[in-house]
Amino acid sequence: MAPLIGMLLGALLGAVVAKRKGGNRLDMAQYAGGFAIIFGLIGLFIAIYLARAAVAA
1 MAPLIGMLLG
11 ALLGAVVAKR
21 KGGNRLDMAQ
31 YAGGFAIIFG
41 LIGLFIAIYL
51 ARAAVAA
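Residue 21 in the UniProt record's numbering is what sits at position 21 of the sequence shown, and the numbering runs on without skipping anything.
Please note that a few of the clues may not be correct.
[Claimed, not checked] The following label-pair restraints were derived from C-beta to C-beta distances:
no., residue 1, residue 2, range
1, Phe45, Gly23, 22 to 32 Å
2, Ala54, Ile5, 15 to 25 Å
3, Ala57, Arg25, 40 to 50 Å
Since the hints were derived computationally from the structure, they do not count as laboratory data.
We put the CB at the ideal spot given by N, CA and C, even for glycine.
Model the full assembly from the supplied sequences, consistent with the hints where possible.
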């Protein structure tokens with residue numbers, strides 16, 4: 001669940017950043033894709049950490 005939420009938040013944030021920089025639709029799509037990948041990976045690592053912490057406890 002965390003990776004999906006991270007990807008959605010990353011895509012929204014990326015689109016906003018591109019829009020603020022004056023980008024067109026393709027710029028917004030590229031930023032959204034890049035941010036979604038990065039935030040999705042961060043979410044994945046968080047999910048793995050939480051799963052391992054739950055097993056260790």
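message: Run through the hints listed earlier and report the numbers of any the structure violates, in increasing order.
response: As far as the earlier hints go, not one is violated by this structure.
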